[in-house]
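**Student:** Got chain H sorted already, so can you dock chain U onto it with the hints?
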Amino acid sequence: GAVVSQHPSWVICKSGTSVKIECRSLDFQATTMFWYRQFPKQSLMLMATSNEGSKATYEQGVEKDKFLINHASLTLSTLTVTSAHPEDSSFYICSAREFKLGRIGANVLTFGAGSRLTVL
Amino acid sequence: EDQVTQSPEALRLQEGESSSLNCSYTVSGLRGLFWYRQDPGKGPEFLFTLYSAGEEKEKERLKATLTKKESFLHITAPKPEDSATYLCAVLYGGATNKLIFGTGTLLAVQP
Chain H
10 GAVVSQHPSW VICKSGTSVK IECRSLDFQA TTMFWYRQFP KQSLMLMATS NEGSKATYEQ
70 GVEKDKFLIN HASLTLSTLT VTSAHPEDSS FYICSAREFK LGRIGANVLT FGAGSRLTVL
Chain U
-18 EDQVTQSPEA LRLQEGESSS LNCSYTVSGL RGLFWYRQDP GKGPEFLFTL YSAGEEKEKE
42 RLKATLTKKE SFLHITAPKP EDSATYLCAV LYGGATNKLI FGTGTLLAVQ P
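As given, the protein sequences belong to chains H and U, one line each in that order.
Mind the numbering: the first sequence is residues 10 to 129 in our numbering, read in order.
Mind the numbering: the second sequence is residues -18 to 92 in our numbering, read in order.
By construction, these hints were calculated from the structure, which means they are not laboratory data.
Ideal Cβ positions, reconstructed from N, Cα and C, are used throughout, including at glycine.
Careful: at least some of the hints might be erroneous.
[Said to hold, decoys possible] Partner residues aside, some chain H positions facing chain U, computed with beta carbon under 10 angstroms:
#1 Q15
#2 E68
#3 L118
Excised from the complex, chain H in its bound form (with noise of 0.2 angstroms):
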């Protein structure tokens, strides 16, 4: 089936570092991947759509210039947390979609495992 790998699996920096973030489809080609935030016992929360050769699509609320999104291939998006602070703390997950012809339901999401970003 379809693997989606993230990595770093968990991070921990400085206030005022940036952080890159990496997800990849390792098996499928992804057009299209979604990056996602969860604080604890919440829900997860789409941050951006993340778009090969184009600008990710960010939702109400969220930073375009603190969340930068870079869909490089296919298979890579990475998420960069610039001048992290500590209310950047949080769970992040990206997922991805494989393309499946049919119903578009079908085309279920895959999510990678996650990044645990803790800044001090």
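**Tutor:** The following block gives chain U in isolation, referenced to the frame of chain H:
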């Protein structure tokens, strides 16, 4: 407002004690309802997709059903390894690929 609500927030069962989790939704133009399992510190793992009212899907001890307003995830004779957070998500007519997630039900199955 488009919304997905799950209940209960947390559920503790004894091994073998069957129960159901609820996912209620208010969206325009449901295109699919998804159930995921999430273990601590991990990404969601896909379980089921349901497309229309009356549809049912089964996998081992899990069975998902769908009505026009809600979905149930029935767990029959659960085992401790079924302990996890169960998330439902809705794909709706407002966008082709966006999922709205519920807050999840934390299930703990005690031996």
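**Student:** For the restraint on H:L118, tell me whether the closest CB of chain U is nearer than 10 angstroms.
**Tutor:** For H:L118, the interface hint holds, since the closest Cβ of chain U sits about 7 angstroms away, which is under 10 angstroms.
**Student:** A closest beta-carbon separation below 10 angstroms is what the hint needs, so does H:Q15 meet it against chain U?
**Tutor:** Since chain U brings a Cβ to about 7 angstroms from H:Q15, closer than 10 angstroms, the hint holds.
**Student:** Checking hints one by one. Is H:E68 an interface residue toward chain U, by the C-beta closer than 10 angstroms rule?
**Tutor:** holds (9 angstroms)
Checked against the numbered hints given earlier, this structure breaks none of them.
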